[in-house]
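Asker: Take a look at the letters that make up each chain.
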Amino acid sequence: MRITGYRCESYLMRMDRLIGDANLPEGVDLMPGSVLFLETDANLTGISLGYGGEFPAWMFEAVEGRDPREVLSLWGRLNDLLHKGGNRGTATLFLSLLDMALWDLKAKAAGEPLWRLLGAREGRVPAYASGLDYPLSDEALFSFYQRMAARGIHAGKLKVGLDPEADLRRLEIMYEALATSGKTPQLMIDANEYWSAKEAVRQIRRLEEKFDLTWVEEPARRWDYDGLRLVSQQVRAAVATGENLQSVADLYPLVSEQAVDVINISTNHSGVTGCRQIAHLAHLYSIPVTMNNAQANYMAHVAAALPNHWMMEVVDPGREHCLRFDNRVEDGCILLGDSPGFGIEVDRAKLEALQRSPPTGQGRFPFPRGEGAGRRVTAPPRGKLPWR
Amino acid sequence: MKLLITELPDRPGGPTGHLKIELQDAGGASGVSFAHRAARPMIEQLMRECLDGQDLRSVAALYDRITAAEATLGHDSRASAALDVALWGLAAERRQEPLWRALGGSTPVAEYYATVPADGHDLVALGRRCRQLAEKQSIRSVKLRAGADLKSDVSRLECIKETIGGLGTPITLMLDFAGAHTAKEVERRVASIEDSLELTWVEAPARPGDFLGYARVGRAVAASVCAPRGLNAASHYLPYFHAHAVDVVQLDLSTMGFTGALRIADAAYAFELPVTIASYPGNLGLHLSGTLPYFLNVEFHDEALAVTAGGRVP
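For the record, the sequence lines run as chains A and L.
Mapping of the first sequence onto the numbering used here: position 312 corresponds to residue 305, and the numbering continues sequentially without gaps.
Take the position in the second sequence, starting the count at 1, then add 8; the result is the number in the numbering used here.
These aren't lab readings, by the way, just hints derived from the structure by calculation.
In this text, a Cβ means the ideal position worked out from N, Cα and C, and glycines have one as well.
There may be inaccurate statements among the hints.
[Said to hold, decoys possible] Computed beta-carbon distance windows for the label pairs: (1) A:Arg321 <-> L:Arg19: 52 to 60 Å; (2) A:Arg162 <-> L:Arg56: 52 to 60 Å; (3) L:Asp63 <-> A:Asp73: 35 to 43 Å; (4) L:Glu119 <-> A:Pro157: 54 to 62 Å; (5) L:Glu119 <-> A:Thr(-3): 26 to 34 Å; (6) L:Glu143 <-> A:Thr(-3): 39 to 47 Å; (7) L:Gly36 <-> A:Glu54: 39 to 47 Å; (8) L:Leu175 <-> A:Pro49: 44 to 52 Å; (9) L:Gln62 <-> A:Pro351: 43 to 51 Å; (10) L:Gly35 <-> A:Asp73: 33 to 41 Å; (11) L:Leu131 <-> A:Pro49: 54 to 62 Å; (12) L:Gly155 <-> A:Lys191: 54 to 62 Å.
Throw the hints in and build the complete structure from the sequences for me.
Answerer: Take a look at the structure:
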């Protein structure tokens, strides 16, 4: 089987609701998307999902004529090509996109869903709910987590950081909503690098007087292993981080400096191959990994086969309008079907319609860092957000 | 699904006490591996308790299952490793793929080295065999098992260097202390050897598990320090990595299987450490070579020198 061609279709989507965090609490509902179609001479097409931008032709040329089933070897080749500029920034996004399409093809060539090709026993991944909920009113917040609880999910992650009083109130709301699952809720918070390390310690300790927190996410900057370690030593909750790093090389200092208790991996971590590398390093150190949310939850295929995967983030803002996919959330888990590869199909008509008439809405590209971040906690002005 | 275990005949001067393991599925596909006879009861127990009735395509999950069961029962990792190697062979055959491609790699690259035993070969025989290896198998790298006597190690290393190096190509030399000495003793011996010879790595320069000893040798000698054979993937490697005690990571299919080897190779990559693959019957380790980002070389299973652990290829 040989790789013969590619097409990368970019589009703009409008989600069904706003999503946001401490950096952009008013949120966005517009998001760029892309689909990479990787063609072969075997009548199989690899599909992967990205975040817009023009796929670089030279990266395709590096795999043209090669067998996609040799994906680990091709990953090494691509990574070497990125040597001087580094495997980072948009280069990583495209490396990830290509690697995921290669794995999709490898599984399709075997006629198997990717979770099976990767050696998982079942296509079933424990899930936690994550509202990306800063722009949600208290009522919308409750109804999101209640909806997730109805699908058996009892763990939830709240966006926090700007308003200590509101954070406490909204944690209570999330708790009550998740309790409707009939299980004891498990609570996580995510500050998205808004705090300084010491600010994080103070804020988290205050929340911990009332709530048992399973993990706190990005309580300090992504590369600040001293700060992250300090937080981990000074609060009860585990420190989770990693989503804004991009490769095992980025994660290495955090792991070897014992600065992280839970590692987030995602579609932007140098592909399926990169996620495996990070998980395997983490496994050596007995650190669990959690998969970040993904359009159509397709990265659950990868999570299912990792020895140290804990639970995967599930959100439902509506990012799948031009996709069909073979999985569902039930019994607190993402249940993956038996369709080959990632099990994603693209509705060409809907994709073309989005490309022809791009939706309008609230968008910020790229997603910025918040005003005052790392220096002081600046609550949004009253009346600007539905919860304040 | 069937498990067939065959005892391989012992050969004088060769490896003894080895089994061939074969896993067969209902469709007739099969996967093969090798193990020492001592692992037989554990292999049969893991088969009964962990694999029977399972979908054998779930290789990664089954690896976690069998290694956990084996550790709970207080056993080393040889039985799970043998089953994992056979499961990978089976998975590849089901997909009608060569194993190296099922693992995700490209055509195996044959950068291999031969290992020469400590005893049993005088210098003339050693020179003759090295010349054969160089001419017939293009061997340019040789690992010597250190003997009891420093002086004879030096003369054997020089003999290898002159014989193969005399053919006009660069040669690399490695020295394996097999965990038989203290770190301090190895430091002294290597320092003395390095006065006249360059060593690419010294292997197992301290007792197994003494990662502190490995680390101190690494700081004292010019050669890289190579991890020993026989480490498992689950717990053995953490101290060696964390203490920066090794410069070369050795993957051993007979204690890690393919699944564990792939995982440790990823961790080695994070630590920027090259990996070498220990010999295994049938040179099965070669299948891994095209998958690993920091692949260095593979130990060649040299029947004539009959040096390495493992059985023979039927």
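Asker: Which of the listed hints are broken here?
Answerer: none
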